[in-house]
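Chemist: Chains Z and H are the protein sequences, given in the same order.
Number 151 in my numbering belongs to position 151 of the first sequence; there are no gaps in the numbering.
Number 655 in my numbering belongs to position 655 of the second sequence; there are no gaps in the numbering.
A couple of the hints might just be wrong.
Said to hold, decoys possible - SDA-like cross-link-like pairs, simulated, lysine to any residue; straight-line CA separation at most 25 Å:
no., chain 1, residue 1, chain 2, residue 2
1, H, K261, H, Q624
2, Z, K147, H, Q624
3, H, K240, Z, K147
4, H, K616, H, P596
Unchecked claim - Beta-carbon label-pair distances, calculated as ranges:
no., chain 1, residue 1, chain 2, residue 2, range
5, Z, W65, H, T245, 39 to 49 Å
6, Z, W65, H, R369, 32 to 42 Å
7, Z, G54, H, M186, 51 to 61 Å
Note that these hints are calculated values from the structure, not bench results.
Owing to the predicted nature of the structure, the values given are computational and were not obtained by experimental measurement.
Note that the Cβ used here is the ideal one computed from N, Cα and C, for glycine as well.
Residue-level listing of the chains:
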Amino acid sequence: MATTHLMLNGAAVEATSAASEMLLDVLREEFGLKASRFGCGEGSCGACVVWVDGQPITSCTTPLWAVGAKAVTTLEGLGTPEAPHPIQQAFLDEQAFQCGYCLSGIMMTAAALLAHTPDPSDSAIRAALDRHLCRCGSQARIIRAVKRAAASMRDARAG
Amino acid sequence: MTALPASLATTPRLDRWINIAPQGTVHLSPGKVEIGQGLLTALAQILAEELDISVSRIQLRPATTGVSPNEGVTSGSLSIRDCGMSVRAVGAEVRTLFLAEAAKRLGVEPDTLVIDDGTIRGAGNLTTSYWELANSVSLAVDATGKAAPKTAAHRRLSGSGIARLDGPGRVFGTRPYLHDITLADMHHGAVVRPPQPGAKLIDVAPVDLGSAVLVRDGSFLGLVCSSAAELRTAVARLAKAAHWTAGHELPDPHGLAAWMKAQPAEHEVVAERGVTDAGHPSHRRIEHHFLKSYLAHGSIAPSVAIATWHGDDLKVMSHTQGIYNLRDDLALVFGLSTERVTVEHAEGAGCYGHNGADDVALDAALLARAMKGTPVRVQWSRADELSQAPMGAAMAIRVAADLDETGAIIRWEHEIWGNGHVARPGRAPSPALLAGYDLAAPFPLLVAKDPALAAGGGGAQRNAVPLYDFPNWRIEKNRLTVMPLRTSSMRSLGAFGNVFAIESMMDEIARATGTDPLDLRLRYLADDRARDVISKAGAMAAWGRRPAEGRGIGLGFARYKNTAGYCAVVAEVDVSLDPRVEKLWIAVDVGEAINPDGVINQIEGGAIQAVSWTLKEDVRFSRQDVESKSWETYPILGFSEVPEVEVALVSRPDDPPLGAGEAAHGPTAAAIGNAIASALGIRVTSLPLTRDTILQAMEA
Chain Z
1 MATTHLMLNG AAVEATSAAS EMLLDVLREE FGLKASRFGC GEGSCGACVV
51 WVDGQPITSC TTPLWAVGAK AVTTLEGLGT PEAPHPIQQA FLDEQAFQCG
101 YCLSGIMMTA AALLAHTPDP SDSAIRAALD RHLCRCGSQA RIIRAVKRAA
151 ASMRDARAG
Chain H
1 MTALPASLAT TPRLDRWINI APQGTVHLSP GKVEIGQGLL TALAQILAEE
51 LDISVSRIQL RPATTGVSPN EGVTSGSLSI RDCGMSVRAV GAEVRTLFLA
101 EAAKRLGVEP DTLVIDDGTI RGAGNLTTSY WELANSVSLA VDATGKAAPK
151 TAAHRRLSGS GIARLDGPGR VFGTRPYLHD ITLADMHHGA VVRPPQPGAK
201 LIDVAPVDLG SAVLVRDGSF LGLVCSSAAE LRTAVARLAK AAHWTAGHEL
251 PDPHGLAAWM KAQPAEHEVV AERGVTDAGH PSHRRIEHHF LKSYLAHGSI
301 APSVAIATWH GDDLKVMSHT QGIYNLRDDL ALVFGLSTER VTVEHAEGAG
351 CYGHNGADDV ALDAALLARA MKGTPVRVQW SRADELSQAP MGAAMAIRVA
401 ADLDETGAII RWEHEIWGNG HVARPGRAPS PALLAGYDLA APFPLLVAKD
451 PALAAGGGGA QRNAVPLYDF PNWRIEKNRL TVMPLRTSSM RSLGAFGNVF
501 AIESMMDEIA RATGTDPLDL RLRYLADDRA RDVISKAGAM AAWGRRPAEG
551 RGIGLGFARY KNTAGYCAVV AEVDVSLDPR VEKLWIAVDV GEAINPDGVI
601 NQIEGGAIQA VSWTLKEDVR FSRQDVESKS WETYPILGFS EVPEVEVALV
651 SRPDDPPLGA GEAAHGPTAA AIGNAIASAL GIRVTSLPLT RDTILQAMEA
């Protein structure tokens, strides 16, 4: 069986799924990484967003063959309860969720934004997150959480 | 003895609710379920308060039929009132039983004992604990109603709030949704739905489905595969091979109000006050016709279920809002006694009413029947989630007011046309589940009804009776007895449309009489709690100021169901391009707020969702088919369109909790409509309020 070499959350792995399978299905079904979630299968809700070489992409529309040897990062690779990414800590501090199903994709996009934009404006945050849908109406809190994370990351750098 | 809260009266045995383990944990078994609102956190907080234990000692058991108390459906903003207050009463009863046993052991009076995180202390060094006494105190007894819960002054947790217990699991992605659960040997199934509502399956052309198992029962067509990858290929092939008849005719999308008024309907006078057609002569009559579109639930996760047959016993894992209701309908479909069906709840994504959760459970059960002993998982597509699940009902509403020569409102009429708002499972002699209508021996279509105002807060007529103190009114509704588009409960039911209509009228009357809209409302409200939230929202928004060019400011108010939470909303809306809500100021009174941040989160979220319904949402359909099958064809509010939201909570710790989940929807819609009218001088009566409907209103 043909396999695909992947860098997944910092580890080299072999995927046995068909190269035509979507990355989201490979992550969830072959590797048991369930934090990236299926919402539409059409790249229009953002629930499945992961990083490929640090760029947030919709994994439900990205076939495995298109990922190749690039580095894939999922929420599981972003942070843990013991070592949370500042974005995760900020979402907890702001209680910026209701059901939370959309959260992992939103946090991946927000963390990618903060990696290159340390002090994003309100409109830059909204623009970055605009392809993410949240049906519970947590957007106002989420925007606050992203600002809080940005501030804590700036403080950490300054400190 | 006081009357037991509703759920406890139904299930009075204490051990059905909680169990205290000698290891130092307390298991709580609520019948209401988490639908994304933080209910479980509030319940744990309430129990910890009454037992004087740390919240971290509480473990919540998933709701399961046959085990958990039957609390009906998690809906109607009733979970804190019915379940929360039952848990509070259970906590008080259990605390009393343990204190009595501790007093006996320690040889002191119960009222001399204090409890600190489960340790029970008396004078001197006398100590015992819940954990030490756990095997001596039987909870296999009924609640007496004699144990008084703590008074507001003695509560230390309620009103201060705690962070969501499920927060870390959600933020780190470690708390599974039902979508993430895999069982041993689990297979994957899918249903090929009729391409148009009402279409019947003619035949299936020969097709290579690999090792998939084909399931057909009348027009119910599906298949089961051993892997999800295999299923994705096979279901596309099967869909192409199926041939269907045409469906039934759908409502006229271009004349929806006229269509609803022309359908066979059951007429009802909902409420009457005074004499509406005699007495004081009308000096001036103001009348408007409102239209609310069909709405889709649009949960971000498509519905999912896992079903397993063990012989003639069926087990289903579901994110349903009502485990017992679903169990009863599944038993009806399969002709089983209810004891043979078990429904276990597992969390799904946010749920805003009767979505596809119950339907997909029957899909899974039908497919799993072909694979006895094997769990079969079915997850709907995004297209099915948007177009096959029940919708929030469209409503045509006529409101008329007669004014006397002083401008006083002397008569009020409110009439509604549309489908009923409730077709939930478990409430009728025949099932309410989608696939049941497609079987070779089909069940009759369950046409949606409206519960009575007194029993369930009404459906279409929810919030149709004004809270305002008008001398005469007549409230009527016409519930359609045909249902070409399936409708059932969606957050706030008829209140969204009715409050939009009533509050739009109030502003029209204010404009016609040269009265300030806020003052006009206060003139007709005697209830101080209503007056308070209106005044407070006004103060927050600096009511009376002139907004910037191209903007308008509007107010909306309602007391949800006329018996629950009070909510006033002021909206500032920019109308220079597509209407855009810049800011919402909201004052809310839900009685005791167990978890204030949880209440504010519900109000913020409800308001943002209502902005989406009000400005954007409209299920699109032709006479043949539903066309809203993707987020492109059913757009909802995006991050770039979300307003800033400021919420003030009126704290009333001594008053009963009233529920927060649905209070903001109607007032938010009304505030937006009134802001647009204030900016443009045009009353837009058709939802959603878009550039198109505004232009239509200008041309009319």
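Chemist: Which of the stated hints cannot be reconciled with the structure, identified by number in ascending sequence?
Modeler: Failing hints, ascending: 2, 3, 4, 7.
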